[in-house]
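Protein chains: 2
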Amino acid sequence: MKKVAILGSTGSIGTQTLDVVRENPDRFKVTALTCGSNTELLAEQIEEFRPEFASAEREEDAARFASRFPDVKFGWGRQGLIDAACGSCDMVLNALVGMRGLEPTYYAIKAGKDIALANKETLVAGGSLVMDAARSKGVKILPVDSEHSAIFQCLEGNAGRPLNKILLTASGGPFRGYSLAQLEKVTLEQALNHPRWTMGAKITVDSATMMNKGLEVIEARWLFDAPPEKIQILVHPQSIVHSAVEFEDKSVIAQMGVPDMRIPISLALGYPDRLKSSEPGLDFFGQGANLTFEKPDTSVFKCIGFAYDAIREEGSYPVVLNGANEALVDLFLRGKIRFVDIQDTLERVMDRHRPEYGLDLEGILEADCRARESIKEYFS
Amino acid sequence: MKKVAILGSTGSIGTQTLDVVRENPDRFKVTALTCGSNTELLAEQIEEFRPEFASAEREEDAARFASRFPDVKFGWGRQGLIDAACGSCDMVLNALVGMRGLEPTYYAIKAGKDIALANKETLVAGGSLVMDAARSKGVKILPVDSEHSAIFQCLEGNAGRPLNKILLTASGGPFRGYSLAQLEKVTLEQALNHPRWTMGAKITVDSATMMNKGLEVIEARWLFDAPPEKIQILVHPQSIVHSAVEFEDKSVIAQMGVPDMRIPISLALGYPDRLKSSEPGLDFFGQGANLTFEKPDTSVFKCIGFAYDAIREEGSYPVVLNGANEALVDLFLRGKIRFVDIQDTLERVMDRHRPEYGLDLEGILEADCRARESIKEYFS
Numbered sequence: 001m002k003k004v005a006i007l008g009s010t011g012s013i014g015t016q017t018l019d020v021v022r023e024n025p026d027r028f029k030v031t032a033l034t035c036g037s038n039t040e041l042l043a044e045q046i047e048e049f050r051p052e053f054a055s056a057e058r059e060e061d062a063a064r065f066a067s068r069f070p071d072v073k074f075g076w077g078r079q080g081l082i083d084a085a086c087g088s089c090d091m092v093l094n095a096l097v098g099m100r101g102l103e104p105t106y107y108a109i110k111a112g113k114d115i116a117l118a119n120k121e122t123l124v125a126g127g128s129l130v131m132d133a134a135r136s137k138g139v140k141i142l143p144v145d146s147e148h149s150a151i152f153q154c155l156e157g158n159a160g161r162p163l164n165k166i167l168l169t170a171s172g173g174p175f176r177g178y179s180l181a182q183l184e185k186v187t188l189e190q191a192l193n194h195p196r197w198t199m200g201a202k203i204t205v206d207s208a209t210m211m212n213k214g215l216e217v218i219e220a221r222w223l224f225d226a227p228p229e230k231i232q233i234l235v236h237p238q239s240i241v242h243s244a245v246e247f248e249d250k251s252v253i254a255q256m257g258v259p260d261m262r263i264p265i266s267l268a269l270g271y272p273d274r275l276k277s278s279e280p281g282l283d284f285f286g287q288g289a290n291l292t293f294e295k296p297d298t299s300v301f302k303c304i305g306f307a308y309d310a311i312r313e314e315g316s317y318p319v320v321l322n323g324a325n326e327a328l329v330d331l332f333l334r335g336k337i338r339f340v341d342i343q344d345t346l347e348r349v350m351d352r353h354r355p356e357y358g359l360d361l362e363g364i365l366e367a368d369c370r371a372r373e374s375i376k377e378y379f380s
Numbered sequence: 001m002k003k004v005a006i007l008g009s010t011g012s013i014g015t016q017t018l019d020v021v022r023e024n025p026d027r028f029k030v031t032a033l034t035c036g037s038n039t040e041l042l043a044e045q046i047e048e049f050r051p052e053f054a055s056a057e058r059e060e061d062a063a064r065f066a067s068r069f070p071d072v073k074f075g076w077g078r079q080g081l082i083d084a085a086c087g088s089c090d091m092v093l094n095a096l097v098g099m100r101g102l103e104p105t106y107y108a109i110k111a112g113k114d115i116a117l118a119n120k121e122t123l124v125a126g127g128s129l130v131m132d133a134a135r136s137k138g139v140k141i142l143p144v145d146s147e148h149s150a151i152f153q154c155l156e157g158n159a160g161r162p163l164n165k166i167l168l169t170a171s172g173g174p175f176r177g178y179s180l181a182q183l184e185k186v187t188l189e190q191a192l193n194h195p196r197w198t199m200g201a202k203i204t205v206d207s208a209t210m211m212n213k214g215l216e217v218i219e220a221r222w223l224f225d226a227p228p229e230k231i232q233i234l235v236h237p238q239s240i241v242h243s244a245v246e247f248e249d250k251s252v253i254a255q256m257g258v259p260d261m262r263i264p265i266s267l268a269l270g271y272p273d274r275l276k277s278s279e280p281g282l283d284f285f286g287q288g289a290n291l292t293f294e295k296p297d298t299s300v301f302k303c304i305g306f307a308y309d310a311i312r313e314e315g316s317y318p319v320v321l322n323g324a325n326e327a328l329v330d331l332f333l334r335g336k337i338r339f340v341d342i343q344d345t346l347e348r349v350m351d352r353h354r355p356e357y358g359l360d361l362e363g364i365l366e367a368d369c370r371a372r373e374s375i376k377e378y379f380s
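Just so you know, the sequences run in chain order D and U.
Quick note, the first sequence lines up with residues 1 to 380 if you use the working numbering.
Quick note, the second sequence lines up with residues 1 to 380 if you use the working numbering.
It is possible that some hints are incorrect.
No copy labels: a pair is met if it fits in one copy or bridges any two.
[Stated by the list, open to error] Dumping the calculated SDA-like pairs for lysine to any residue here, alpha-carbon to alpha-carbon at most 20 Å: (1) Lys336 / Glu156; (2) Lys2 / Gly87; (3) Lys165 / Lys276; (4) Lys2 / Glu313.
What the hints contain is simulated information worked out from the structure, not anything from laboratory work.
Isolated chain D (complex conformation) (with noise of 0.2 Å):
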């Protein structure tokens, strides 16, 4: 029986890891819950799986559910996240959006245990650090994205065999083959409809510019200690190959499948089995029947080239990148700015940065800090 905390577990990902813990009840026991606003959502999961332990990001959210659930205990806010990710699992789910999950992974990872990470902040910003802690404490850490995770996949079994590239596959968003023309006048509605996966409205905007891939491919360099110039993005648009990988005798191994993050979940849950799912598998001779690939245009997705340069250049870079595109897409998601503007941005935000490094966990936070205060001068 495996002790899993699930942080953020009312999001997208949170409930598709609550539909593989109650598929296989005999493997799996949650033991911490934690969500944002959504406590409705979160009582009926405290109901059904009966955490020892729930958080809820407002402190009065907690004291109500603290009388209404006398059972479990509760947290509230940064601390209550962390303390979910530090009590008596083995292993944390980390589904947070943004930022704010680096800190609960960092932690959890101090305490030893082992992450299954769909947070990709955590990496992006703080990869160095929570690699290094990762290496010292012997933790595993199991991706979740489907990209990583298939990454993952394909390098199983391949241990001391060099890889020439990883292939990052996209599904180019909901604005594949724009112009920048045709990109100034993207609306709201139209970047939150993506082509392929459901998912939160953050993680959806940034397919739309593709600085999900950027975030994905910072990931990877850190998952994978892949240097950045082995790193190649395969716009995709049927999101079936989740990714692959070449190796040096030029053999891709790819792994595959329906885009259902289930799979994923599941793998990074149960690991090293895979566990058994009764939902219908790929049909190749029906969604998996065509499949095309293409180079992305990072002429029009210029997010993208920031990630690289990012990585190229490490430090802050990837904090303040990050940090801003959270900030960024916080303003658009609210009205308050052009889907373009996000990108503009970033190239001013990138150029004028002066970079720090070797950044422990509170100069991280601060630089990030920095980032998002510099985005409100830009609109102000």
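Given chain D's structure and the hints, the job is docking chain U onto it.
Structure of chain U alone, referenced to chain D:
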């Protein structure tokens, strides 16, 4: 330094094996070479690779070469192949065409040699016998067929994880999409014009009838201990996905690459290493940009069904199917019968066959002979 005996060194796989050896002079030493009738090429290969032993099909060729190459021992015929396989090598690469590949594989296994197997008939006819011998001798059988090498690669790192399905890809051959009526009119020239792979005549005709894929189903059954109902054929005209495996979590791992046999050959020779290749890799924006999959038409390409029947029935069925097919392809190549006569005759052979079970090597060879003899009766 791995010492390798190459059976069938003057054929398509044999010469490509020597390409791999030539590129890796520090890794491999060729201890034996064998040819059929292409003695001129064998002489060149002996000059270049200086094996200890060589063998030709005919005694007079061996005698002639013995005086020309006094440092090399020569053998001939059936015994020459067995001596080549059981000499001072660590590994035997068996690139013989047809049933005569079975005996040297079997004796090499008994002598404790690892096998790089490009000879399908070894497992089609001798599956149970050969796999039992390999298990009891602790000998590795490394597939060289691109499809089986792909499946082997997809299974690496997945030990103990039950597979749901083997997805065996097929180019579909030159007559993909043909009706039975169109197949009636096919000429020898058309049958020898394979769209993707350059191979010997026998296997090219087998690709055109799709018997090649049927034989590969039988081979996969033995190599990967998979029941026939778990082996599915995917027609994939681009020959980029060399095969794939679906696991119980519905995750599909596929191996891809340019259609270049040197990739699976180098993996089998260099295993567990992947040897660095200087050839261009797969271009996902070129030849790999559009991958399609479709069902095989088993009502037209009847050989597929015969192979599934043979492996379900086991015993002498696969032996007879293979032997009769070899005899029929030979008649077709000599212009004696029509293309569709191959599958029409095989249907009758299979219907009339009275199976034997538990055959030893002699029993298999005898059943094979009888199957070939029976073909003469159909066309006398």
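Hints, one by one, checked against the model:
Taking CA atoms no more than 20 Å apart as the test, Lys336 paired with Glu156 passes in neither setting, with 45 Å inside one copy and 51 Å between copies. Only within a single protomer do Lys2 and Gly87 lie at most 20 Å apart by alpha-carbon distance; the minimum there is 13 Å, versus 53 Å between protomers. In the homo-oligomer, the alpha carbons of Lys165 and Lys276 lie at most 20 Å apart only across protomers (13 Å), although the nearest pairing inside one protomer, at 30 Å, exceeds that limit. Within a single copy, Lys2 and Glu313 get their C-alpha atoms no closer than 39 Å, and across copies no closer than 44 Å, so neither meets the 20 Å cut-off.
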